[in-house]
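Using the sequences and the hints, build the whole thing.
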Amino acid sequence: MDILSILRGLGGLFLDPVTLIYVFIGSQAGILFGMMPGLTTTTALSLLTGLTFSLAPEKAIAVILGAYVGSVTGGSRSAILINIPGTPAQAAVCLDGYPLALQGKAAQAIGLSVTASTLGTLIGFISLALFTPILGALALRFGTWEFFWLAVFGVVIAGSLCAPKDPVKGWIAGFLGLLLNTVGDDGIHGVPRFTFGYNQFSGGFSLIPVLIGAYGVPEVLNAVRKRERMIIQTMVDRVIPRFREVLQHRWIILRSSFIGIIIGIVPGVGSDTAAWLSYFTAKRGSKHPEQFGKGSVEGLIAAETGDNACIGGDIIPTLTLAIPGSAPAAVLLAAMTIHNLRPGPMLVAEQPQVVGQIIAISMVSTVAVFVLSLLWVRQMVRLLLIPRDVLMPAVFIICVTGAYALSGRLFDIYIMFAFGLVGILMQELDYPVGPFVLGFILGPMAEDNLRRGLVITAGDPSPFFTRPIALVLFALLVLSILGPTGVGRRIQSRVVALWSNK
Amino acid sequence: MLSTEKTQPEEGLAPPPETERSHGRDFIGAILLLTVSVFFAVAALQIPFQNPEWKWYTSPGIFALSMAICLGGCSLAVGYRGLRGWLRRRHTSRPASWREGLRVWGMGRFLASVAIVVVYLLLLGRVPFMLASVGLILVFGTAFREGRFLDGLRPAVIAAVIVVGFSYTIMKIFGIVFP
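Chains U and D are the protein sequences, given in the same order.
Just so you know, we're using the working numbering here: the first sequence kicks off at 134 and counts up by one.
Just so you know, we're using the working numbering here: the second sequence kicks off at 1330 and counts up by one.
Think of the hints as simulated: they come from the structure by calculation, not from any bench.
Treat the numbers as computed from the prediction; the structure is a model and nothing was measured.
Chain D is nowhere near these chain U residues, computed Cβ spacing over 12 Å in every case:
{"hint": "1", "residue": "L140"}
{"hint": "2", "residue": "R141"}
{"hint": "3", "residue": "L148"}
{"hint": "4", "residue": "D149"}
{"hint": "5", "residue": "L153"}
{"hint": "6", "residue": "L273"}
{"hint": "7", "residue": "G276"}
{"hint": "8", "residue": "W384"}
{"hint": "9", "residue": "F391"}
{"hint": "10", "residue": "S419"}
{"hint": "11", "residue": "R475"}
{"hint": "12", "residue": "L507"}
{"hint": "13", "residue": "P601"}
{"hint": "14", "residue": "F607"}
Distance windows between CB atoms, simulated:
{"hint": "15", "chain 1": "U", "residue 1": "G145", "chain 2": "D", "residue 2": "M1436", "range": "49 to 57 Å"}
{"hint": "16", "chain 1": "D", "residue 1": "M1436", "chain 2": "U", "residue 2": "N332", "range": "31 to 39 Å"}
{"hint": "17", "chain 1": "D", "residue 1": "M1436", "chain 2": "U", "residue 2": "G323", "range": "40 to 48 Å"}
Backbone N, C-alpha and C fix where the C-beta goes; we use that ideal spot for every residue, glycine too.
Following this line, the structure appears as structure tokens:
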């Protein structure tokens, strides 16, 4: 894939006004979803994947990518205006966005956050264009053994990073996802597993109902459970920020973008981590750290940029390795698979034009979101006035529509609701949902590659530990397990002690 | 200018209390997960390891069994930690009223919303999708309303009309046949 593929993708997009319209529709839908408290990016993408199932692949991907960028950017609106993050990633934006709004600078805060989001997203997508061919070429050296370790490593590292205080719970969530994925006919011999004679289970649990259930249903039921009233009186003045103001914070934008991209590449870790890390890095490097949390423009820009740059980073491993960088990227992966675009090293090597098209759509989506975010600000804010008790059942019906639309089975709606209850239980017991979903997605990859690898070697597991890349991945896996535990800390202190004695 | 007024939280907004409740939660969660892992492990063991069609390493149950063991092992660790923490703290901390805890969490509203959703799901396929959906929004909007009945009904009717319009559009554009 080269720059020509992207340019060709851009050219193709501008010559196809229908796809361009779909980009704008997806972007606007994403902004709406993002700004509604309680509706996450993953929910938005899961719903749209179901609804766009019958569209042509490039149009469906245009809607989904537009919604991805839109929802991440849109979440800052409610964070700034009512101190409730539209998506979890915007929690860091609340810290300075809301105090700025209270100081009468709501318009400035919205304008700056949208601009920072746009720049962060664009930098993220430039990195996507740069890194995808490199990682794609490396991934071509991967065999079945390496892909097995990669899947397991993805789940474990997601567990460690999504539950930093208690990584064991993150791993448990991942294992649960991997385990539940085995329900249904076995992929190699076609033997039914854990179906208990019930035919509906033989196809296993479809990914989209599981995703909508795990992310969407808990949001709906939790919003009804919580009783909270808000009255918003707002008047928004000049929204478009001044160029000088943006230029003044160029280093924060670049640094936060870098953080966002790196966090995005790590499997399973979402944009919320990127936003917080960017925020704290900006605070540490600021000349006025005391202003953070009281309406610091630096804090607002850092959180927004890191959050959005993560999108590009998220998509890199999704396209090159078929390992999603985050839950929304996992939905993107599922959407691409549904439309017969199989992400992975072969996609990059054999269909560079598809990758170019995806990058082109992403870039146009960024511009679309920028334009749409600065238009109709006042009207959009009014949507926040809809009572949650009315909004949430409407969202639930959209969830039902999304789960049902894919295969037209009532069973999928029941699965969605069951996984919704599982999601609530996990939240209440402090188990992260991210690794669970990632385990669910990477389950087939882990299982198929483990068994295929053993078939090739007639049951000899040594290639899993002797092939160079497999060995590196295995070592990384061991380190990521030992690192957060007491054993890891003891080894670390022993090494430090030995080193200092020398 | 912008001003935002938030009322005091009544229920459902309390942060989860730490200390012995967290340990108790860990223990209960571990028991649930352990049950799941044992269930899957037993079911996986019923799939033969050797068969004319496969060897042990391609057995359809091998991966599920490994995952069930990993899940069970980690759950045991969390359960043991939770139990130990609970036993250590049970004499030092004041026993919390579980009834009050459930009220603060918003259990009443939660159970009511789950019950309404279950009825809705049972109705799907028996009554037209649009009708059931309108009913769901109206019931939610009025049952969990703030203030007078009419104050809840008006936005619920608007939302119901929008959702029906949206679903109809989706049905026509994408050719989805709703139950």
